[in-house]
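Next come the chains, spelled out residue by residue.
Protein chains: 2
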Amino acid sequence: MKFTIKRNSFLNSLGDVQRAISGKTTIPILTGVKIVASEEGLTLTGSDSDISIESFITTGDDNADLTIERAGAIVLPARFFSEIVKKLPEDTMDIEVGMNFQTTIKSGSASYNLNGLDANSYPHLPVIDTQESFTLPTKLLKQVISQTVIAVSTHETRPILTGINMVISEGKLFAVATDSHRLSQRVVPLAMDMIDGDKTYNVVIPGKSLVELSRTIDEDVDSVEMMITENQVLFKTENMLFYSRLLEGHYPDTSRLIPDSASTEITFQAGTLLAAIDRASLLSHEGKNNVVKVAITPERVEISGNTPEVGNVKEDIAYVAVSGEPLEISFNPDYMKDALRTFAGAEIKVKFTTAVRPFIIVPTEDDQTFVQLITPVRTY
Amino acid sequence: MKFTIKRNSFLNSLGDVQRAISGKTTIPILTGVKIVASEEGLTLTGSDSDISIESFITTGDDNADLTIERAGAIVLPARFFSEIVKKLPEDTMDIEVGMNFQTTIKSGSASYNLNGLDANSYPHLPVIDTQESFTLPTKLLKQVISQTVIAVSTHETRPILTGINMVISEGKLFAVATDSHRLSQRVVPLAMDMIDGDKTYNVVIPGKSLVELSRTIDEDVDSVEMMITENQVLFKTENMLFYSRLLEGHYPDTSRLIPDSASTEITFQAGTLLAAIDRASLLSHEGKNNVVKVAITPERVEISGNTPEVGNVKEDIAYVAVSGEPLEISFNPDYMKDALRTFAGAEIKVKFTTAVRPFIIVPTEDDQTFVQLITPVRTY
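Chains A and B, in that order, are what the protein sequence lines are.
End of the first sequence = 380 in my numbering, gap-free, step of one.
End of the second sequence = 380 in my numbering, gap-free, step of one.
Among these hints, one or two may not hold up.
The list treats identical chains as one, so a pair stands whether inside a single copy or across any two.
Claimed, not checked - Below, simulated EDC-like cross-link-like pairs (lysine to aspartate or glutamate); rule was C-alpha separation at most 20 Å, straight line: (1) K24 - D316; (2) K142 - E225; (3) K337 - E219; (4) K208 - E39; (5) K172 - D218; (6) K106 - D50; (7) K106 - D260; (8) K6 - D91; (9) K6 - D179; (10) K337 - D65; (11) K106 - E230; (12) K86 - D316; (13) K288 - D62; (14) K86 - E347; (15) K2 - E39; (16) K142 - D62; (17) K172 - D198; (18) K172 - E39; (19) K6 - E83.
Everything labelled a hint here was simulated from the structure, so no lab data went into it.
None of the values given here were measured: they were computed from a predicted structure.
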């Protein structure tokens, strides 16, 4: 294998596939990046066996200025190799594989010789044996992930809750996550490619995979193609393949958890409420119980917290409108902060039923496609 | 105690004194910040008993808009209190101390009640019983610290080497640090205030204290006054006092360590050499021995490294001029990188005697007032 390429282009692709590479893997070859050179271009691969990422650079790519002199393949130690590429003195670099997988990296007057590994020993990527796919605008996909991933469980006691449940049905993508204390749900319309509109998919994708996916896909990529098989999902863009395993098991039915009526309703600017909760949480974080209280009357909305070890706090929160029954309710302020951040400063409605029933937060302008639910804390 | 103040001004002072406050102290009251309000203004104090910082805000300060309504003093939990002040909703805040050291912090509609501590229990600051002082331009003081602190030892086996030796004599400040593998030395002229020109001071100031001092003093403060007593040093600016304890014991005599002749001499741009050493060190960091080799002939200067576990590297380094005997010498690249960074990209001379004797680096334009010394590594 021998090729010449612009360092910046190569670093971009290397950075993408590195997201899948973990230093902690038990399979030594997976700490490496696989590089394959063919007539068409370069393919880089990284994997931690949960996630695999493949990135392509074609010989026609003007930014890459790629010249393949000899086809071939090698696996190089990912972290260390990428540090070298970052620090090379010139814009262009040459890579050549010699005897015994010895790989020479040259740029200007600097020359490195690295011990590579046989690319034939690198595990095979999952096979995606379906032609059926859906297309999602990149921006929308990233939004759906960021809005729901906050409610993913971080505990392995119920592994199925560490994923986001995605249901594709009737031309819509329905995404929901819950850690049993809170729930996030978003529905978006879907463009279907080569697929029977009546077909339904119901999968659970690990939250970690979706966070990495969101970080890996560039903002300037318009859309992402999604393909589902029995135990894998593949997200595809022009220059990248992103594979994730699916979680096994049945996701709990969450459809009846969201209350459909409210006895108390307040309209806020999400940013105003977030700042007030944030201030109150400073105090609750110092105590044993991380709880703040909101007292609602027709005249005022007051937030308060009492942590005897350090002190107490109270504040009148500015609101847009309030209606319904007076109420006192206590909750974990961190759940509320996570939820409020997903509204990006828009106007929101908070809908309560009683002090012991879950309450929901929805955008004022659309209470059908996006909802955050939080279970209150009993304080008596 | 009761006062009103602009939050930003207060936060600046609070940030300064917080540098001295450690969460890990064994004396609980030192996790707090002491606030004293008098007719003249506010005094904030933080201390970890090694370093103490006092910061003043006068009632005449336009930016602070300080109004003292009632004099008094309190100690508040530093980290937590500063988080609160940072997040208050309005530009201005009120602080009032009530019964049992209960302290109310108000801003807009937010109101915090904190449990304070009796300011009378706060330790007294060191007494500086000298009128003799020297004045140093802030920029120069920061430069001297950053140029010498790299060679300070981080091991407590010889505590005296964890400090910078500062000798004031004949109108000059002489600063030196060594960890016995390398040495940094800088000499600067000194403006003497109220001091007999013949008097000599010889102290060892903890490297950590000087790093904090450097971070605490604003660039826009012109000069710093320095006062020395038997076991304390005080650095004084218009609005701040910075106290540090001195290290006890005799600093080793370093004057004979610096070779006064050279058999091989190379002139480099510091940045060019730094980049090449940095590249070679990527490889040496992966091996057991963190060593790179430089081979000098009249025709070329080559750096190389060999770490059998991962590979090898070699590079011709661009130089300005080379003279003297051919030489091969090996050294720790990290010591070299630290040293080269202190020259801020200037042109430098590296002067070698033999492969087993220390070599020195000096600025081309002035080889008398600043020198970095590094001991090579024997590789045979």
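Against the structure, the hints:
1. K24 - D316: neither (49 Å within a copy, 36 Å between copies)
2. K142 - E225: within (13 Å within a copy, 55 Å between copies)
3. K337 - E219: Neither: 25 Å inside a chain and 37 Å across chains, both beyond 20 Å.
4. K208 - E39: neither (35 Å within a copy, 57 Å between copies)
5. K172 - D218: neither (24 Å within a copy, 57 Å between copies)
6. K106 - D50: Answer is neither: 33 Å inside a copy and 51 Å across each miss the 20 Å cutoff.
7. K106 - D260: Neither. Shortest intra-copy (65 Å) and inter-copy (39 Å) distances fail the 20 Å Cα cut-off.
8. K6 - D91: Within one copy only: 6 Å inside, 50 Å across.
9. K6 - D179: Classified as neither: same-chain Cα gap 45 Å, cross-chain 42 Å, threshold 20 Å.
10. K337 - D65: Close neither inside one copy (47 Å) nor across copies (33 Å); limit 20 Å.
11. K106 - E230: neither (44 Å within a copy, 58 Å between copies)
12. K86 - D316: Between copies, since 19 Å is at most 20 Å while 52 Å is not.
13. K288 - D62: neither (59 Å within a copy, 42 Å between copies)
14. K86 - E347: neither (44 Å within a copy, 25 Å between copies)
15. K2 - E39: within (11 Å within a copy, 77 Å between copies)
16. K142 - D62: Neither. Shortest intra-copy (28 Å) and inter-copy (47 Å) distances fail the 20 Å Cα cut-off.
17. K172 - D198: within (11 Å within a copy, 87 Å between copies)
18. K172 - E39: Neither: 40 Å inside a copy, 69 Å across copies.
19. K6 - E83: The answer is within: 16 Å in one copy meets 20 Å, while 46 Å across copies does not.
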